[in-house]
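Asks: Okay, here's what each chain looks like letter by letter:
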Amino acid sequence: MPPALARGWAAQAAAIEAAAAGGNDCSALRLANALRTQVVATEQKVPLRLRSPLVTGVNALAARITCTPPTVKKPPKPPKPPDKHGKHDHHGHGPGGDGNDQ
Amino acid sequence: MSATTRIAGRYEIVRPLGHGAMATVDLAQDVELDRPIALKRLAENLARDDELRRRFLREPRLAARLSHPNVVRVFDVGEDDGRPFIAMEYVDGETLADLVARRGRLPAAEAATLGVQMCAGLAAAHAAGLVHRDVKPQNLLLGTDGVLKLGDFGIAVGHEGTKLTLAGTVLGTAGYLAPEQARGEQVTAAADVYGVGAVLYELLAGETSRRGASLAEHGGENGFRPPDLAARAPDAPPELIAAIASCLALRPEDRPPSAAALARLLAPMASEADTLSLPADPARRATEILAPRVAPPSRRRTRRRLAAAVALVAAAAAGLAVAIVLTSGGGRSPGRTSGSRTVAPPAVGSNVADQARNLENWLRIHAQTSP
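So the sequence lines, in the order shown, correspond to chains A and B. Using the working numbering, read the first sequence as starting at 2 and increasing by one per residue. Using the working numbering, read the second sequence as starting at 178 and increasing by one per residue.
No lab work stands behind these hints: they were computed from the structure. Everything numeric in this text was worked out from a predicted model, so none of it was measured. Even for Gly, the Cβ is constructed at its ideal location relative to N, Cα and C. Mixed in with the good hints, there may be bad ones.
Derived CB-CB ranges, DEER-like [claimed, not checked]:
1) Gly383(B) / Arg50(A): 17 to 27 Å
2) Gly23(A) / Pro414(B): 41 to 51 Å
3) Ala305(B) / Cys68(A): 43 to 53 Å
4) Gly24(A) / Arg231(B): 21 to 31 Å
5) Glu256(B) / Gly23(A): 20 to 30 Å
6) Asp257(B) / Leu6(A): 40 to 50 Å
7) Asp322(B) / Glu44(A): 11 to 21 Å
8) Pro3(A) / Arg461(B): 22 to 32 Å
9) Ala305(B) / Pro3(A): 40 to 50 Å
10) Cys68(A) / Val525(B): 15 to 25 Å
11) Pro4(A) / Ala407(B): 39 to 49 Å
Just need the whole structure built from these sequences, with the hints factored in.
Replies: Given below as structure tokens:
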């Protein structure tokens, strides 16, 4: 395999390792996807017998990483305007007023 | 023409062997003794952390006490331009992790031969009062001459490391930790005997003795009960299966009494039994050789210590392949297949970081493969 190409990808794999070890899964996934894109785009430069195992390895790595984005807190809803018609106008299928709503 | 980098006035960097987030490992030439060495250096950005520097340099100083054919020798430690370094024996070969990734299950006799060599190295360490505490395939370097060497003595040590593992942070090592070590109890040389068993299991089965990446995933004691080895290695002799099962006993006192005793159990099944040198019976049982306890860190220092341990474990992981040949230059390269042989994909790691490291090593190994 062309040494410069392999070393460049190896450095990217090291960055993925560092991100994953540091718990930055989303960053690791972004890097892994970027690496996969590069490998797929440049695979014709890889010797034939290495191509399949390389793509397999890169795909497997990217597929293994799960990125759970941090939950974004929604801004509090503004208070509802006073109901003109009073509570007797509700027609939905929510819990009825007779239940024990606590 | 590029200028040669010289470290500490005597180590000329030849080429990189491996690197990770925390450390770099280069092949270097010791110009004073005219021999190749593996030079591991703490990453520049970490070298400013006093605790990391101290730990990086302390453990190799312990390992430097050892001189045994089955232990990677530490020649020198020091600092250059503020960066600590360790000069180690350079081994032309591959790690057992690479070997399993490349070949899968090994024949029983070959595994037993490697087991005897592991035990010989550990017996020497135990006789010197050292407990490795991190015996795993990535730490075992097999030279092209067939000699197995135990590497990186004590770098990933300390109860901090164990606690990190419990917290699920240091995932890669969890699969080889003895139960008592995982629980943060007093560690003895019996933990190393357990590690040999875990490695032998993997050599025979082609997979680790435990599922799950972290101790949390392993669960309680059941997590330490390996799947039936006989079913995974049907051609292995029952004596070997039994020896490995005894190494993996939950209680340290139920394991073989010493690494030397385990070597004697394995030797009759080894392929090169007549040429292997068995360690002498030790004066003490493995359970009597205590690993030094580390005082529990104060709350204030916990975060810093944890960070230091993480960094060192990662440094160890980055450098575990330390002394292997990763680029071209004549001899046989590790993990490289020749001719029309099928090339295995990078090994699946026990966690994402491991897997990324396997990919990295795979790429470096094949960096020189001619089309």
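Asks: Quick check: does the Cβ-Cβ distance between Pro3(A) and Arg461(B) fall within 22 to 32 Å?
Replies: Hint violated: Cβ distance 54 Å, outside 22 to 32 Å.
Asks: That 21 to 31 Å hint for Gly24(A) and Arg231(B) (C-beta), does it hold up?
Replies: The hint (21 to 31 Å, Cβ to Cβ) holds, given that Gly24(A) and Arg231(B) are roughly 25 Å apart.
Asks: Verify the CB-CB distance for Ala305(B) and Cys68(A) against the hinted window 43 to 53 Å.
Replies: Given about 46 Å between the Cβ atoms, the range holds.
Asks: Okay, Ala305(B) versus Pro3(A) on CB: inside 40 to 50 Å?
Replies: Roughly 46 Å apart at Cβ, these two residues keep to the hinted range, so it holds.
Asks: Okay, Asp257(B) versus Leu6(A) on CB: inside 40 to 50 Å?
Replies: violated (31 Å)
Asks: Assuming the hint says 39 to 49 Å, is it satisfied by the Cβ distance from Pro4(A) to Ala407(B) or not?
Replies: holds (45 Å)
Asks: Okay, Gly23(A) versus Pro414(B) on CB: inside 41 to 51 Å?
Replies: With a Cβ separation near 44 Å, Gly23(A) and Pro414(B) satisfy 41 to 51 Å, so the hint holds.
Asks: Can the suggested window of 20 to 30 Å be confirmed for the beta-carbon pair Glu256(B) and Gly23(A)?
Replies: Since the Cβ atoms of Glu256(B) and Gly23(A) sit about 26 Å apart, the hinted range of 20 to 30 Å holds.
Asks: That 15 to 25 Å hint for Cys68(A) and Val525(B) (C-beta), does it hold up?
Replies: holds (19 Å)
Asks: Do the beta carbons of Asp322(B) and Glu44(A) sit within 11 to 21 Å of each other?
Replies: At 36 Å between Cβs, range violated.
Asks: Honestly, do Gly383(B) and Arg50(A) meet the 17 to 27 Å range at C-beta?
Replies: Roughly 22 Å apart at Cβ, these two residues keep to the hinted range, so it holds.
In the structure shown, a violation is registered for the earlier hints numbered 6, 7 and 8, in ascending order.
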